[in-house]
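Take the two lone chains, each set in its own frame, and fit them into one complex as the hints suggest.
One letter stands for each residue in the lines below.
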Amino acid sequence: MQNNSIHAMFPGATHDEQAMQSFIKNLRVHVLREFQESGRTVLEAEIDPALRKANGGRAPTRRQLREALAQKPRQRWWSSMLRITQEMLYDTVGPSIERQLPELIERARKLRGRTGSLTLDPSVAMPRYLTAVDIHSKPGSYQQELAEDDVFPGAEFDRTYRLYSMGMYGPNLDASGWSLIAWIKQTYPDFRPRRILDMGCTVGHSTLPYAEAFGDDVEVHAIDVAAPCLRYAHARAVAMGRSVHFSQQNAERTNFADGSFDLVVSHLLMHETSHAALRNIIKETERLLAPGGVMAHSDGVRPKDLFSRYYAEWMAHFNNEPFLGTIQDEDFEAICAGAGFDPERVVLAQAPLRRREDGPEAAPLSSFLVVGARKPPRLNA
Amino acid sequence: MGNEGRSAMPGAPRPRQRFAKGRRPYFMKDPDVDRLLAIVTALAAEVSVTRERLDTVERLAAEGLPATPENIERYEPPPEVQTAREISRAALLDRVFRILAAPMEDEGAEAEYQSIVEQFA
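First to last, the protein sequences are chains A and B.
The first sequence begins at 1 in the numbering used here and counts up one residue at a time.
The second sequence begins at 1001 in the numbering used here and counts up one residue at a time.
Source of the hints: derived by calculation from the structure; they are not laboratory data.
Note that beta-carbon positions come from the ideal geometry of N, C-alpha and C, so glycine has one too.
A few of these clues could be false.
[Claimed, not checked] Here are the computed lysine-lysine pairs in the BS3-like style, where the Cα-Cα straight-line distance is at most 30 Å:
| id | chain 1 | residue 1 | chain 2 | residue 2 |
| --- | --- | --- | --- | --- |
| 1 | A | Lys283 | A | Lys185 |
| 2 | A | Lys304 | A | Lys185 |
| 3 | A | Lys53 | B | Lys1029 |
| 4 | B | Lys1029 | A | Lys25 |
| 5 | A | Lys375 | B | Lys1029 |
[Stated by the list, open to error] Pulled from the structure, derived: some chain B residues nowhere near chain A, Cβ distances all over 12 Å:
| id | residue |
| --- | --- |
| 6 | Ala1062 |
| 7 | Glu1063 |
| 8 | Glu1112 |
| 9 | Val1117 |
| 10 | Gln1119 |
| 11 | Phe1120 |
| 12 | Ala1121 |
So here's chain B without its partners, still in its complex pose (with noise of 0.2 Å):
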């Protein structure tokens, strides 16, 4: 943050601003989980190009070509492999959040167990 409003200059560019101006809003009863969502979240990222660059590899692989840097830029996946990682990438992100897709404590989970408990007493 702080480079706005300094004009051009000639040269090598000069960094990119990483945050945005303007409050940074939260929506956690606590900040830090906010926080550490995010952090959790560019992890999943991580995960997700790391098993790409190795669906890659093992593609070269196949087609007998070894796994260099020069052969993994040059890839380019056919129609059937970007439908198959995206396929992929949703399934990972149905995986990280699953426990969101899980009924939550204001929407009657709890007071319908209850009456289940309440059944067999």
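One chain only, chain A, in its complex shape (with noise of 0.2 Å):
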């Protein structure tokens, strides 16, 4: 068996399962790259400036993006390809999880508890917008369990992720943490957090980078809905050194009491909501902060980009992604106003991708929008 583990919790492949999985990076390398250079090619020269006109100049929307493209022979063969590769992605990885998930549950028993905690509540319902579809295409999702004391949404992901990213995200995965944790330290210099909340951090891949990156007594939060990939977390977190205090827990409402974190981040967690969830999880926030706490979502919202609209809109509609088309045209100052933030301390801005804090940029097309606002210091003090 070909040993590729980046820590010890991280699932086996045999030989020709890594071949198959080796063959689906290549393939998503390929057809990411056809979809991309032929939509955005006639998206530029053909489409935009011929919706503009029909639409007596104003910018064409998400709909009628997705409508032209689809017109396009060249766009659909990709889009085709592109669903396809992603359904094969976890017809082949899946596999590969089920045949190993009863030693993976028992070396994830074995890692629990040894530094930071698992809380698991199962008394936490799954909103309504993590069910109604099974996300990004994975079939049971993330929250599906096979068995007692199950791991397989997390271990899968693991490996997925891996794949689907490309490399980009390096071999931890956690280029989303480092690089928010990087905007966080160029946009507040003089910030040190010491208690720290990661909203819908998955398998934790974005949230140990915080259990490093401002100091050793930090006390490193995370929160999920999916008991799974929680679990996993957990004992990936424990193989890899971190400390982390994983929670089930929706972000809508916790069970924190004001006031508890100096700083409270996400990592693509807000298009994976919906418009009610999103205010309320940015209302939480909001309650959850110290004075002088920062908030810091990142997600991937570019609404300027013509091509990452239609890949937003692409996405949403055929890749089981349902929130992630409306959020490009959400009012992100509008929201944080409401959830009572000052608007004169609200940042919005779109951080590069980079694999370590003080790294160069990652790729120079990738980048996030931060949500960010301040709370004012404590008064008196």
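Structure follows, in structure tokens:
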């Protein structure tokens, strides 16, 4: 068996499983390149000018872009291939994880509780926006349990995300975390958080950098609604020697006391929610922050880039990401103001993707929207 | 499909779900073309896996090792072999999807050819 593990919880692969997964990675590189090149060219040269003319000068809607590109044979082929690649990703990794599942569950049990903690709460209901369809077309989504103490969706995600990201997120798949940390440190140079919360952590890829980026005396908490992902996240954090307190909670309303945290972050959480939940999450963040605390929610929102708008719409419509289209048009300043943040202290920015906080930009066209804000410091300090 | 919502059970794991909940989109004029494309692509993946296994067998033989299943599983490709395989997989995809790199019917290829025919008329 090829040993390409990066931590003790990382699932293995037989010779042929590895060969199949490597093929899927190459397939994704090939398909995404063709999809992007053909889409971008026809959008800029033909579709955007024609739709602007038809709209009396106004920018085309996401739906207009999607419907116009659906008429183009080349985009139809590569759209079909992109969906097939996504399905093959799970159909390749899934059986390999299934084969190893009893052993992976046993490994997670042995690692449990050695550092940090894991608190599961079966009374936490899965919100409708995560159960209406299987997110990312991942069969069973992120909450499906196949056995007692199951880790299947988390283990599967750790390998599929490695293939999906095609090396862009680094060996520990933590580039989202490091990118946001770099942005926080640049934007608030004097800021030294002690208590940190990561919302919607999945298996903690982006969480772990927070346990090393702000010194040894930080207390890092991470929440998610999906129990099998949290079990895997906890075991993975222990295996990687990081102390994180994972708990099963909905980011719209947590059980932490008011003012519990200096820093509340999320990575690619917002687009997996809904119009109503997004507002609840920003309100909950405001409640959880101590005076002087910082909010930094990051996500793949690039409303001004034509191809990104089309791609978000494509994913929303064809890859089970129901809110990814709508979120491109959300008014984040108004949402933050509505949640009680001082509009003068709200920052919206595009943070470039980096693999380390002090690393170079990993991909020139890759960036996240950061929805940031800082609460005023305590008075009479 | 249809496993969702059941609670975790002690004992042997139940089978994983094979299809995602949510309608499956089709893109071609005839959805059977999407289905056939999925079948052909899955077969291309199988060919790639077989080629890689054969490559391992040949590399074991070059080291004087028999191609037993155990030796194949134990084989760890060095970086130069990984790079060669990466190039080989990309080349396989270029060959399999070659026709899709050609100009398509809406991209002016027909009009351009007609103008050439007329030039020589």
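Going down the list of hints, with the structure as the test:
1. A:Lys283 x A:Lys185: Since the Cα atoms of A:Lys283 and A:Lys185 sit roughly 23 Å apart, the hinted pair holds (cutoff 30 Å).
2. A:Lys304 x A:Lys185: With a Cα-Cα distance of about 26 Å, the restraint between A:Lys304 and A:Lys185 holds, given a limit of 30 Å.
3. A:Lys53 x B:Lys1029: Roughly 28 Å between the alpha carbons, so the hint for A:Lys53 and B:Lys1029 holds.
4. B:Lys1029 x A:Lys25: Holds, at about 28 Å.
5. A:Lys375 x B:Lys1029: 54 Å, violated
6. Ala1062: 17 Å, holds
7. Glu1063: 16 Å, holds
8. Glu1112: Holds, because the least Cβ-Cβ distance between B:Glu1112 and chain A comes to about 16 Å, which exceeds 12 Å.
9. Val1117: 23 Å, holds
10. Gln1119: Holds: least Cβ distance 26 Å, greater than 12 Å.
11. Phe1120: 28 Å, holds
12. Ala1121: 29 Å, holds
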